[in-house]
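Q: Chain D is already provided as a structure; the job is to place chain B on it using the hints.
Chains as they are written, first to last, in the working numbering: chain D, 1 to 580; chain B, 1 to 376.
FYI, nobody ran anything at the bench for these hints, they're computed from the structure.
There's no promise every hint is true.
[Unchecked claim] Taking CB as the label site, the calculated pair distances span:
{"#": "1", "chain 1": "B", "residue 1": "Y152", "chain 2": "D", "residue 2": "L351", "range": "34 to 44 angstroms"}
{"#": "2", "chain 1": "D", "residue 1": "R456", "chain 2": "B", "residue 2": "Y152", "range": "51 to 61 angstroms"}
{"#": "3", "chain 1": "D", "residue 1": "L190", "chain 2": "B", "residue 2": "S257", "range": "45 to 55 angstroms"}
{"#": "4", "chain 1": "B", "residue 1": "G29", "chain 2": "D", "residue 2": "G22", "range": "24 to 34 angstroms"}
{"#": "5", "chain 1": "D", "residue 1": "A374", "chain 2": "B", "residue 2": "H338", "range": "54 to 64 angstroms"}
{"#": "6", "chain 1": "B", "residue 1": "G29", "chain 2": "D", "residue 2": "S152", "range": "51 to 61 angstroms"}
{"#": "7", "chain 1": "B", "residue 1": "F326", "chain 2": "D", "residue 2": "N200", "range": "28 to 38 angstroms"}
{"#": "8", "chain 1": "D", "residue 1": "V546", "chain 2": "B", "residue 2": "S157", "range": "17 to 27 angstroms"}
{"#": "9", "chain 1": "D", "residue 1": "V546", "chain 2": "B", "residue 2": "Y152", "range": "54 to 64 angstroms"}
Using N, Cα and C, we set each Cβ at its ideal position, and we do this for glycine too.
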Amino acid sequence: MTSRIDPASPAATISSARRFNGWTAFTFLIAALIALPILVVLAYVFVPSHGIWQHLASTVLPGYITTSLWLMVGVGIGASVIGVGTAWLVTLTEFPGRRFFEWALLLPLAIPAYVIAYTYTGLLDYAGPAQTLLRELTGWSRGDYWAPDVRSLPGAIAMLTLVLYPYVYLLSRAAFLEQSVCVLEVSRTLGCGPWRCFFNVALPLARPAVAAGVTLVLMETLNDFGTVQYFGVSSFTAGIYRTWMGMGEPAAAAQLAAVLTLFIALLVLLERFTRGRGKVHHTTSKYRQLPRYRLGGIHAALGFLAAGLPVLLGFILPALVLANWAVVTAPRIVDARFFAEAANSFILASLAAVLAVVIAMIMAYGLRLRRSRATTYAARIAAMGYGVPGAVIAVGVLIPLSQIDTWINDFTVAHWNIRVGLVLSGTIVAVLFAYMVRFLAVSFNAIEASLGKVTRHMDDAARTLGQKPMGALLRVHLPITRGSLLTAAILVFVDVMKELPATLLLRPFNFDTLAIRAYQMASDERLADAAAPSLAIVLVGIVPVVMLSLAIAKSRPGYEASREERMAEAALDKQAAERA
Amino acid sequence: MRGESEQGRDVSVDGEVVLKLDSVSHSFGSTRVLDAVTIDAKAGELLCLLGPSGCGKTTALRLAAGIEELQQGRIVLAGQTVAAPGAQVPPERRSVGMVFQDYALFPHLSVLRNVQFGLVGAEWADLDGDAKRKRAMEALDQVGMANYAESYPHMLSGGQQQRVALARALAPKPRVLLLDEPFSGLDSNLRAHIRDETLHVVKDSGTTTLIVTHDPEEAMYMADRIVVMNAGRVEQIDRPDALYRAPANAFVASFFSSINRLEGVVRGGAVATPFGNLPTPIADGTRVEILIRPEALRVALPTGPLGPWQAEAHVLDARMLRRASFIHLCFGEFEGQHLHFHSREPARLMPGIGVHVSVTLDRAQTFVFPVAPKNP
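Just chain D, with the same shape it has in the complex:
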């Protein structure tokens, strides 16, 4: 017989006050930890900074604001035009190469913005192959011709647009595919040509998705540090870095970070507002092969060009340049130090991926066990770090961790007369903490979506069949969601590999990763030397793009994608949507 229960002893088997169990306690703890850096940064709005703030406000702050605004306007417009346009082309027209572009348009996602920035700098500057070729062909010399200066605000806009448009592309494409065939067919029978159909039917219907995509792009724009710093464009993130590292004023940096955070909060609210107002409901849900406009002759060529240019400029060209440089410099660059850095990157990314998946799994499962308003909010707080720029998170992580380190050392000195040093702020603990703040949402969204595969009744069945919640997790939920856990881990792994600002600000002394090395060599104008580590990052970055492409290729009408592929795509879509 199963062990019987004595109603007189309440503690062991009869758990009272079950509103608050270990799982929910963990969720609240994680939410508090993740919220801490952001709260610290925001709290600095109220901390007096001895006139530094007034100094910043009267000198650089207006510049940071206008520069960041211009960046957002430029990248926002560029990414929407390219993203929506190409999405429309590949989903609703037919031209040679369309099926290739359908997934190839995602490739620029694999290239971090700072990598494409210095690649184009090397390609287009005075000594670069482009201008050299021009001079050789024409016999001109310096001053005889005009060449664009890549290291400028317009240059930064172009670079960020080239690598960020896929977010808009991805969400718009999904929105176009979702649009009922009937609506589009009706509009065609009513005499709508392709252009009118696009502007009068498809685009208004896709507007919420486009808005979500653009919001993502703008967040990533504000998050970007490598490009603006390298180009000397004075945006917020670059300003935070300079105020902290250059002026040694973490408090003022935190205040800048607070302003930037409010900026982003405003952006998110704006997007929520437009989405709330513009909710579009599809009245029918017949999905068939979409009625494509068949492009011929000159139109087909133009379509090919329009879809091909972003891929060429955003991926093929920079990848070729990098490969070209890497072939020359690799024998010198790929040495013991390179492998040490690769190992550092790998260790950091793996640790972060495992941590993020484990924490997210416990949170998602805890939420499932006991969903209340409080736990839902806690989970949302834990996921909000994704919208906060790495530089801001770095500031918010370092300030409390250094304080804790001070306390620890005070304690150890007082008791044992030992200084243990910076056990938190000076080690990879700080870096991993920042990664969790920024990337926990990635794994959480993927895992929460995949837990949908386990029905409520399966939980109940496992429990009535003698499993405790932990037993059910290990024997039912984990085996069923295994594939999605791997997806989640890969996504976090790749994001960490590419991450620059938080790593740069928080890494332990002399602890370099591939991203740091690439950025530093590029900053030292050793562009070709930076190619090998950059190429390594790009290659790793291609993995999730390939996963996504496969999911897309197989999600076409009539193709029943495997559950894992659908989950992967759903997770990526959700991640994209949730960021906003």
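A: Showing chain B alone in chain D's frame:
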């Protein structure tokens, strides 16, 4: 309100009470889904919780299993309180087997591993792998699925999945078996067959069983006793035949079949009907409803003057259903009510439309209840 426990006691089924829900109330938000529900199931008994959707029957089952947290009342399982407000024995410690509407088989495990899943805990700890496998195969054999041990759930039909779910619930030899609408996912031909099979498997196992269903026929087919529920309350608990013959109120009377209804007021210890004054113990002046089962109306061609409990009507339509003719009868105006009654006539009588007939009332299938005040 009628005391449910009182009615529960009316029925004498021998044996110890294995599962007792004791004045259990439950709310989701501001919606009260269970209101002081008291049910007890005796050893080896098969109890059906019957009621329209939303009557709280599934919630009662989930509370018994422990997968829903008790708010008010008490649940006693084999003599021990397993749930009281703020004190719960978790489901894994209750030894209950549950079969879900969607079967909830684990998709990543084979049929055998699904059935073996519950063989954990103290009483199975001594068994080695082979013995557990043997127990699981035994359970599969009980439901006739031993040949599918190595199959995976997605390879099985709905009926096969249902059998595996039943075997999985029975394998750990639970004290109570709980089935939540176990046949609703099956098409009607298969349903009757699986229902019969399940009945025999469950009865052979001797396990005390609670089945939730919204289908009166299913409940009458399977149950030793039926708990009729409506809007979170127990309306009546009794054996199927007793429920049918002596419904406690209008809801129970009308839930088992469509029923003819007219209203009246009690005067001089009786209420007027087209068939004569029906005596009733209900107090004079009470507004009552008279419910007449279609089987209670015997239709015949008039042979002479109307006898006692007879009335004249004309035929509006007559249809042959499978086992009886179904005759629409018009009794004209009666006390301001236009009386259109249905008769289910086993004699396969097919009178022509418009024909005048004499209708005899069977008073044993006629019920008088006070008109319930409308709930706000």
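Q: Is 51 to 61 angstroms a correct range for the gap between the Cβ atoms of G29 of chain B and S152 of chain D?
A: holds (58 angstroms)
Q: For L190 of chain D and S257 of chain B, compare the CB-CB distance with the range 45 to 55 angstroms and indicate the outcome.
A: Holds: the Cβ-Cβ distance is about 54 angstroms, inside 45 to 55 angstroms.
Q: Hint says 24 to 34 angstroms; check whether the CB-CB distance for G29 of chain B and G22 of chain D agrees.
A: holds (26 angstroms)
Q: At the C-beta level, are Y152 of chain B and L351 of chain D separated by a distance inside 34 to 44 angstroms?
A: holds (36 angstroms)
Q: Is 17 to 27 angstroms right for how far apart the beta carbons of V546 of chain D and S157 of chain B are?
A: Given a distance of about 38 angstroms, which is not inside 17 to 27 angstroms, the answer is violated.
Q: Within 51 to 61 angstroms or not, the Cβ separation of R456 of chain D and Y152 of chain B?
A: Hint violated: Cβ distance 21 angstroms, outside 51 to 61 angstroms.
Q: Evaluate the given range 28 to 38 angstroms for the C-beta pair formed by F326 of chain B and N200 of chain D.
A: For F326 of chain B and N200 of chain D the Cβ distance comes to about 57 angstroms; the hint is violated.
Q: V546 of chain D and Y152 of chain B, beta-carbon distance inside 54 to 64 angstroms?
A: violated (29 angstroms)
Q: Is it true that the C-beta distance of A374 of chain D to H338 of chain B lies inside 54 to 64 angstroms, as the hint says?
A: holds (58 angstroms)
Figure legend: structure checked against the earlier numbered hints; hints not met, in rising order: 2, 7, 8 and 9.
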